[in-house]
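Asker: With the hints as constraints, model all of the structure from the sequences given.
Going line by line, the protein sequences match chains A and B.
In case it helps, my numbering puts the first sequence at residues 97 to 186.
In case it helps, my numbering puts the second sequence at residues 218 to 485.
No lab work stands behind these hints: they were computed from the structure.
By construction, the Cβ of each residue, glycine as well, lies at the ideal position given by its N, Cα and C atoms.
The reader is advised that the hints may include incorrect statements.
Said to hold, decoys possible - Computed from the model, here is a short list of chain A residues facing chain B with C-beta under 10 Å:
no. : residue
1   : Thr117
2   : Pro118
3   : Tyr119
4   : Gly121
5   : Ala122
6   : Met124
7   : Ala125
8   : Ala128
9   : Ala131
10  : Lys154
11  : Leu159
12  : Val161
13  : Arg165
14  : Glu166
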Amino acid sequence: MASILPQPSESVVEALTQTLTPYIGANMARSAVRAQRERLGFEGAVMSGEQAEGLITKVGNGLNVFLGRERAAQVVEEMRRTLAGGDARA
Amino acid sequence: MSAPGRFFPLLFILAASVSLAQLFFPQAAIYHGPRPTLAATVAALSKIALLALCALLSWRNSRALEGADHDIAAAWTRLAAGWFFYFLGQVTLGYYQLLRGVDAPYPSLGDAFFLLAYPCFFAALLGFLHGYRAAGFGVGTRAQQVALAAAVGVAALTVAIPLLRPALAAPTRPSETALNIAYPALDVALVVPLVLLMRMVVALRGGTVAGAWMAVLAGFAFMCAGDVLFAHFSALGRVGLDPYVHATYIVSYGLVAEGARRQGALLA
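Answerer: This is how it looks when you write it as structure tokens:
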């Protein structure tokens, strides 16, 4: 599996929001990702691969309540794939 | 969505239409003849079948979520228990209406089952609110939630008190009056967590989860409306308006079953 490279934080938030939107809508997706980012204390303009991975895990755990463990795990994989293929020119 | 799933809303809308059509075609044969009439049979069996579905599908969601989130699974279990009590209440009414061909006494054992459902509904809705907030999908701060709950409670009471005045003043037996007040009063209390959940569902709009929850909450709203209509018409002795009440309950149970089914599809 390709690892996630450092990326602008806003790009990470936007990519995760877009992956979550079909399930929980754009508004909730954006606010949930931003809230989890805040909780994790990732305030910088650039997010490291580890930080992005942590954010994905946190957001994915939350999705369990709506999608169940298996479907949420699939969405987590989708988020990882999206970010692993993302723009690394941070 | 599977083909049978796509047509499910049409089924319960059709069943509700059978009751509602009495207001426009009162002379139609299905509303007359020996009891139970064909229309009454359709209404009673639809309600029993839909309530069984509400309980079963909620239970299935609970099992599917057990390994994912214990709090939310427990909330679905409580919801299933509430709808199971409602199912038992409706089966009791069905015994009188369908097997004995008479009106069910009011109050009856069925009312005991209906009343038992309310603590389950409250516990379920509060459980969903707590579980979704804990998972990071809360809307607003806790203080905002409390303020909204208080405002909704006051607004609901303002609307309910004039509506319930005829029920209180009607020359009915004390047990009947108590129930005519109890059902709408419990519904008014139920409106508070329903509005808080609705706020969350509005934030979820555009996603598949919102569709499931919109149906469940609309179902509860129709149930509250049905109880208010029932109390109002019963107190006024307007039995000719029963078709409205039957149709409202059928749509209510159908919407909850549809919402639980959609949630199940997300978990499949």
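Asker: Identify whether the interface hint at A:Ala122 stands, where standing means a beta carbon of chain B within less than 10 Å of its own.
Answerer: Holds. Min distance 6 Å.
Asker: Is the interface hint satisfied for A:Ala125? The criterion is a beta-carbon contact with chain B at less than 10 Å.
Answerer: A:Ala125 check passes; min Cβ-Cβ to chain B is 7 Å, inside 10 Å.
Asker: Was the hint right that A:Glu166 lines chain B, CB cutoff 10 Å?
Answerer: At about 8 Å, which falls below the 10 Å cut-off, the nearest Cβ of chain B leaves the hint on A:Glu166 intact, so it holds.
Asker: Grab the minimum C-beta distance from A:Tyr119 to chain B and call the hint holds if it beats 10 Å, violated otherwise.
Answerer: With a minimum Cβ separation of about 5 Å from chain B (threshold 10 Å), the hint on A:Tyr119 holds.
Asker: A closest beta-carbon separation below 10 Å is what the hint needs, so does A:Met124 meet it against chain B?
Answerer: Holds, because the Cβ-Cβ distance from A:Met124 to chain B comes to roughly 5 Å (cut-off 10 Å).
Asker: Does the nearest C-beta of chain B fall within a distance shorter than 10 Å of the C-beta of A:Pro118?
Answerer: This hint holds: A:Pro118 lies near chain B, its Cβ roughly 6 Å from the closest one there, short of 10 Å.
Asker: Going by Cβ atoms only, is A:Gly121 closer than 10 Å to chain B?
Answerer: holds (4 Å)
Asker: Mind checking the CB of A:Ala131 against every CB in chain B and telling me if the closest is under 10 Å?
Answerer: Holds, because the Cβ-Cβ distance from A:Ala131 to chain B comes to roughly 6 Å (cut-off 10 Å).
Asker: For the hint on A:Val161, does the least C-beta distance to chain B fall short of 10 Å?
Answerer: Check passed: Cβ of A:Val161 comes within 4 Å of chain B, closer than 10 Å.
Asker: Measuring from the C-beta of A:Arg165 to each C-beta in chain B, is the shortest one below 10 Å?
Answerer: holds (4 Å)
Asker: Hint A:Thr117 vs chain B: min CB-CB distance below 10 Å?
Answerer: holds (7 Å)
Asker: Please check whether A:Ala128 passes as an interface residue: C-beta within 10 Å of a C-beta belonging to chain B.
Answerer: holds (5 Å)
The structure meets every hint from the earlier list without exception.
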